[in-house]
Structure formats: structure tokens, C-alpha cells
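**Student:** Chains A and B supply the protein sequences, listed in that same order.
Quick note: the first sequence, position 1, residue 1 per full-length UniProt numbering, numbers continuous.
Quick note: the second sequence, position 237, residue 237 per full-length UniProt numbering, numbers continuous.
To be clear, the hints were calculated from the coordinates, so they are not data collected in a lab.
This structure is a prediction, so every number in the text was calculated from the model and none was measured.
Among the hints, erroneous ones may be present.
Sample of chain B residues lacking proximity to chain A, with all beta carbon distances greater than 10 angstroms (derived) [stated by the list, open to error]:
no., residue
1, 17
2, 32
3, 176
The following label-pair restraints were derived from C-beta to C-beta distances [as the list claims (entries may be wrong)]:
no., chain 1, residue 1, chain 2, residue 2, range
4, B, 125, A, 29, 38 to 44 angstroms
5, A, 119, B, 217, 39 to 45 angstroms
6, B, 22, A, 178, 33 to 39 angstroms
7, B, 112, A, 215, 41 to 47 angstroms
Here are a few chain B residues that face chain A, going by a calculated C-beta distance under 8 angstroms [unchecked claim]:
no., residue
8, 68
9, 70
10, 75
11, 78
12, 217
13, 230
Idealized CB from N, CA, C, for every residue including glycine.
2 protein chains.
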Amino acid sequence: MTDHIVTSYDQELKGLAGQIAEMGGLAEGLVADAITALVRGDTALAQKVILTDVRLDRLQRSVEEQAIRVIARRQPMAMDLRDIFGALRVSGDLERVGDLAKNIAKRVIAMGGNVLVKRIVIGVEHLSEIALEQLKDVLDAYTSRDAEEALTVRGRDEEIDALYTSLFRELLTYMMEDPRNITFCTHLLFCAKNVERIGDHATNIAETVHFVVTGEQLVDERPKGDSSSSVSTGNGG
Amino acid sequence: MTDHIVTSYDQELKGLAGQIAEMGGLAEGLVADAITALVRGDTALAQKVILTDVRLDRLQRSVEEQAIRVIARRQPMAMDLRDIFGALRVSGDLERVGDLAKNIAKRVIAMGGNVLVKRIVIGVEHLSEIALEQLKDVLDAYTSRDAEEALTVRGRDEEIDALYTSLFRELLTYMMEDPRNITFCTHLLFCAKNVERIGDHATNIAETVHFVVTGEQLVDERPKGDSSSSVSTGNGG
Numbered sequence: 001m002t003d004h005i006v007t008s009y010d011q012e013l014k015g016l017a018g019q020i021a022e023m024g025g026l027a028e029g030l031v032a033d034a035i036t037a038l039v040r041g042d043t044a045l046a047q048k049v050i051l052t053d054v055r056l057d058r059l060q061r062s063v064e065e066q067a068i069r070v071i072a073r074r075q076p077m078a079m080d081l082r083d084i085f086g087a088l089r090v091s092g093d094l095e096r097v098g099d100l101a102k103n104i105a106k107r108v109i110a111m112g113g114n115v116l117v118k119r120i121v122i123g124v125e126h127l128s129e130i131a132l133e134q135l136k137d138v139l140d141a142y143t144s145r146d147a148e149e150a151l152t153v154r155g156r157d158e159e160i161d162a163l164y165t166s167l168f169r170e171l172l173t174y175m176m177e178d179p180r181n182i183t184f185c186t187h188l189l190f191c192a193k194n195v196e197r198i199g200d201h202a203t204n205i206a207e208t209v210h211f212v213v214t215g216e217q218l219v220d221e222r223p224k225g226d227s228s229s230s231v232s233t234g235n236g237g
Numbered sequence: 001m002t003d004h005i006v007t008s009y010d011q012e013l014k015g016l017a018g019q020i021a022e023m024g025g026l027a028e029g030l031v032a033d034a035i036t037a038l039v040r041g042d043t044a045l046a047q048k049v050i051l052t053d054v055r056l057d058r059l060q061r062s063v064e065e066q067a068i069r070v071i072a073r074r075q076p077m078a079m080d081l082r083d084i085f086g087a088l089r090v091s092g093d094l095e096r097v098g099d100l101a102k103n104i105a106k107r108v109i110a111m112g113g114n115v116l117v118k119r120i121v122i123g124v125e126h127l128s129e130i131a132l133e134q135l136k137d138v139l140d141a142y143t144s145r146d147a148e149e150a151l152t153v154r155g156r157d158e159e160i161d162a163l164y165t166s167l168f169r170e171l172l173t174y175m176m177e178d179p180r181n182i183t184f185c186t187h188l189l190f191c192a193k194n195v196e197r198i199g200d201h202a203t204n205i206a207e208t209v210h211f212v213v214t215g216e217q218l219v220d221e222r223p224k225g226d227s228s229s230s231v232s233t234g235n236g237g
């Protein structure tokens, strides 16, 4: 951040950064709890995730209101504006991450805590560990305004996509083997998809960090997006 | 919009609004084409959707750069700032709508144009007709800054969620009936989910319109989010 004569202005920007940090911690916690609830079939913990997500939504609104207030009161220069825009983007991504964790929690409750295909659940757990690491690293890169580290995180998203796609194929196989697995596996399919999308949001944040630091938007085709959408129905027959 | 002495400032705000309008038209077209490609099994049209989505991404970046330029050069008052923030939010939602249409197009190609369960495809088509109407109405509400109309659109999202949830159940039944349907139905499941999420983005835009006009964020629990995540696995056995 550039230096300012007006200290209270820095305070305002720091306040914004503080709220983003709080949102980041909350989002990471929601994802971790949602996955724990899934693995243990802990519907009470799932319930807690659903309730806690509300705080994330509130924080996002407050970040936006604060951003408008700061810009309206001061006349930020381009660099600071990018900082404020960055805060808006990141808070938006973190709010979505919370929604995805909440959706996983809802499915845990729908599954009544019965974890039928343990092996796949472990696969989803592993996927979420990578996604959480991505989220943690990119939030660190955001805090330290480290554009290079951000690009590293962005590059690693392909790992999540590949793992998700193999989980996707495995889930289809389980469904074909035994129709009684279908509803359960479909919920797991969406849980895995949610985790893959959490990885995409880490990628978004990485691109925001790059934008905040360099002032340039990344235009090249992002690695974002899984390739399960290309799984041929030929394999299904 | 409030009146300004500086005309070129109005020009800049109008330019922003123009780009949003262009994005809206593009996004609606991508969704319509993706669904047509799905219904007809037209992989060439699907290919076109995938290529066209790039323009939507470019437009979003340009909206963001323009927004920063406007704010940096002028000192917008709160009302205009909300307008600019609104443009940022809406462009973000429209970019996501394009991604969802692109994902449907990818699945059409993966399915090789083979539409096995025609009846479900028609269900997805019907779902998309409602979602497109929602999108069109909320973009009109955005253009005319009509907060009431926006709230009406927001309320209608439940219709999409209910229809999606019944499609979800129907697809599960098809999968259970014949394992050969599973891969195909799973792609359709994600297509339907994408359409349901397009409806969520229309809801987001509705809330943005309300925010731009009134300056207040809607805090009450939004109707957003389908209830298929609550479909019990009991039904699956």
C-alpha cells in the first residue's frame, strides 16, 4: 500500500483488510467443518456450518459498504482503488466459498450421516485438503501482496481439476454397479464439484492479487474449470 | 442517475451502462444457444458457444478497468458510486452466466449430440426458458432502475428451484432404471444445475438493482439455492 498523509485513511484501508482476513478465516473454517461433517456423518456439525455461513454473508455486505464509504470520503489514487476493488472481489469469492461449504453441509444432512461409499468420501476429503491449502496460500499471497506466489497457486488448480475428474469417473462407476448408490453418489458428486469450485475461487483470488499488485488483468486462458464435463457418455454405455 | 455539470462524466457512466447492456445481450444469447445445442444435439452450435464466451470475459475486464478509471478521474458521490459498484456486480454475474452456458455446451459435445432421455431434455429446456425470462426481466429492471420489478424477479426464483428439484428426482429415477443412462443423466443433472444457477445470478442482479436504487442491501434470507441438496438418500435405496 502507498503511504498517506491522512492516517485515518490508512486505518480505513486496514479495517477493510482486517475484515477480509476475518472472512478468510471463517471461510476456511466452514469448508474444513463441512468436510469433517461429511467424513464423520456428523449432522450436528453440518447444522453449525449452515448457521455460521450467515456471518460470512454479513461480513461481505459490510466490506462493500465500507469500500463505498472509503472511496466516497477520500479520493483514492489508482493503486489504492485497485486495493479496494481487490477487497471487493476477494470478499465476493470468500462469500461464495461459504455458500459451497453450506451446500455440502446440507447434503450431509440429506444423507442422514450415512456414509455408504467410504472410499469416495476419503477422495472428496483429499480433494478438499488440496483446495483448503490453495485457499490458505492464496490468502497469504493476498495479505503479503505477493503476485508470484499467487500465480503459483493459480497454476496448481489443475491438480484439483484432475483429481475431481477421476473422482467423477469413480462415482459414475459406483452408480452403475449398484443403483442403490445413485442418490448418495449424486450428493457426493455435487460435494466434490463444490470443492472443485472452491479451488476455482482460490484461482480467482490469485488473479485478483496479481491485479492488485501489477494493475494488469490476467488475460490468458485460466486453468480454471474441471474436465469432467468432457467425460464421454460412451463410457456410460 | 443524478445530473452532473461535467457531461463527459455522464458519457463515461453511459459507456459503462452500454457495456453492461452488451454483456446482458451476449449472456442471454449464450444461454439460449447452449440449450438449443442441447435439445438438438448440435455440437457445432455448442462449439460456437464456447468460443463466444471469451467476448463476455473480455467485456467484464473492460467494465472493471473503466470503473476504476471513472472513479479515479472523478470524485463520484455515493449515488454514482453505487451505480458503478452495481455495474461491477452485474458484469460479474453476467460473466458467470456465460461460464455456465459454456459448461452446458461442453457437456453437449461430451454427449456427442446423443440425446437419450428426450423428456428430461425438454424439462431442462423449460427450466432454461424460465431462467432466461428472469434474466431478461432483471436486466430490464436494471436498465430502468426499477427496484420493485427487481424484487418481483427475485421472488420468482423459487419457481426455478422447485422445477429443478423435480427434474433432479426424475433424473435419479432414470439412472436407477437403467445404468446405461447414468453418465448421460449425470451430464443432464449438471446442465439443469447450471440453469438453476443462472437463475441465482438473476437473483443476484435483482438484489444489486435494489441496492443501486435504494442504497440498502437486502439482508433477509434470499430464496436463492435449490432444495435438491435436501433430497434424502432414503429415496435412493
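**Student:** Which constraints among the numbered hints does this structure fail? Numbers only, ascending.
**Tutor:** Hints 3, 6 and 9 contradicted; others consistent.
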